[in-house]
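Chain by chain, the residues:
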Amino acid sequence: GQNIDQPTEMTATEGAIVQINCTYQTSGFNGLFWYQQHAGEAPTFLSYNVLDGLEEKGRFSSFLSRSKGYSYLLLKELQMKDSASYLCAVRATGSYQLTFGKGTKLSVIP
Amino acid sequence: DTGVSQDPRHKITKRGQNVTFRCDPISEHNRLYWYRQTLGQGPEFLTYFQNEAQLEKSRLLSDRFSAERPKGSFSTLEIQRTEQGDSAMYLCASSISGEQYFGPGTRLTVT
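Sequence lines, in order, name chains A and B.
In case it helps, the numbering used here puts the first sequence at residues 3 to 112.
In case it helps, the numbering used here puts the second sequence at residues 160 to 270.
Do not rely on the hints blindly, as some may be mistaken.
Unchecked claim - Taking lysine-lysine pairs in the DSBU-like style, the calculated list, with each CA pair at most 35 Å apart, reads:
(1) K104(A) to K230(B)
(2) K107(A) to K216(B)
(3) K173(B) to K70(A)
(4) K216(B) to K173(B)
(5) K104(A) to K173(B)
(6) K170(B) to K83(A)
(7) K173(B) to K107(A)
(8) K70(A) to K83(A)
(9) K216(B) to K104(A)
(10) K170(B) to K107(A)
(11) K59(A) to K173(B)
(12) K216(B) to K59(A)
Hints were generated in silico from the structure; no laboratory data involved.
Computed from a predicted model, the values in this text were never measured in an experiment.
All chains, please: the whole structure from these sequences, using the hints.
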């Protein structure tokens, strides 16, 4: 089975940097995904890590350490529109389904 | 490419009734997934198709749930004899490689 943990809520200030952590346990690892979900809307894809290291995409970066079962999503130059839930999801070896964490609700304040 | 579409967007039904939802994936995507999401939770996997073949199905999925993808394009998810616990957002996603792209979802309310 798989277990994914991420903080329930976080608050950060507009213009700042925030790091959202995710730890996971899985019997076989084949990729970690981050999605953004605004209230009442569908998740939208942000990033995908399958090898250790940092993937940068504009204001968003995602890091993976497979040996530690750990990932983080880094959001820079926060904007009010970044207020949303951020979902960490893991794909296991031999499967295409994603197992999601419960999500981290990020509130960006002025 | 208009993205993944789902129909209807909202459905209210009485307990015991059957409901059917439709998903149209992104046109060149051969993989299609159904998930269910309740408030405060992440999406929960239900089932997965590659072309017309249903290759994965959650062990948590009740026998009242069935999904089809007859021609490898659109898919339907049917829930028979709905229960109040079936109230949730039903999300469809499609992919051609790693990342999955989600549709807007169908919100089901069982009264």
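Hint check:
For the proposed pair K104(A) and K230(B), the alpha carbon gap of about 34 Å is at most 35 Å, so the pair holds. For the given pair, K107(A) sits about 29 Å from K216(B) by alpha-carbon distance, which is consistent with the 35 Å threshold. The suggested pairing of K173(B) with K70(A) is violated, with an alpha-carbon distance near 47 Å, which exceeds 35 Å. Between K216(B) and K173(B), the direct Cα distance comes to roughly 26 Å. Compliance with the 35 Å bound is thereby established for this hinted pair.
A hinted pair counts as satisfied when its Cα atoms are at most 35 Å apart, and K104(A) with K173(B) qualifies at roughly 29 Å. Simply put, K170(B) and K83(A) have alpha-carbon atoms about 29 Å apart, close enough for the 35 Å limit, and the pair holds. Of the pairs offered as hints, the one joining K173(B) and K107(A) holds, with about 32 Å between alpha carbons and a cut-off of 35 Å not exceeded. Taking the CA atoms of K70(A) and K83(A), the gap is near 31 Å; set against the 35 Å cutoff, the hint holds.
For the suggested pair K216(B) and K104(A), the alpha carbons sit about 21 Å apart, so the restraint of at most 35 Å is met. The straight-line distance between the Cα atoms of K170(B) and K107(A) is roughly 27 Å, inside the 35 Å bound, and the hint therefore holds. Under the criterion of a C-alpha separation no larger than 35 Å, the hint pairing K59(A) with K173(B) is inconsistent with the structure, at around 45 Å. Note on K216(B) and K59(A): the hinted pairing holds, with a Cα-Cα distance of about 33 Å set against a maximum of 35 Å.
In this structure, the hints that do not hold are numbers 3, 11, in rising order.
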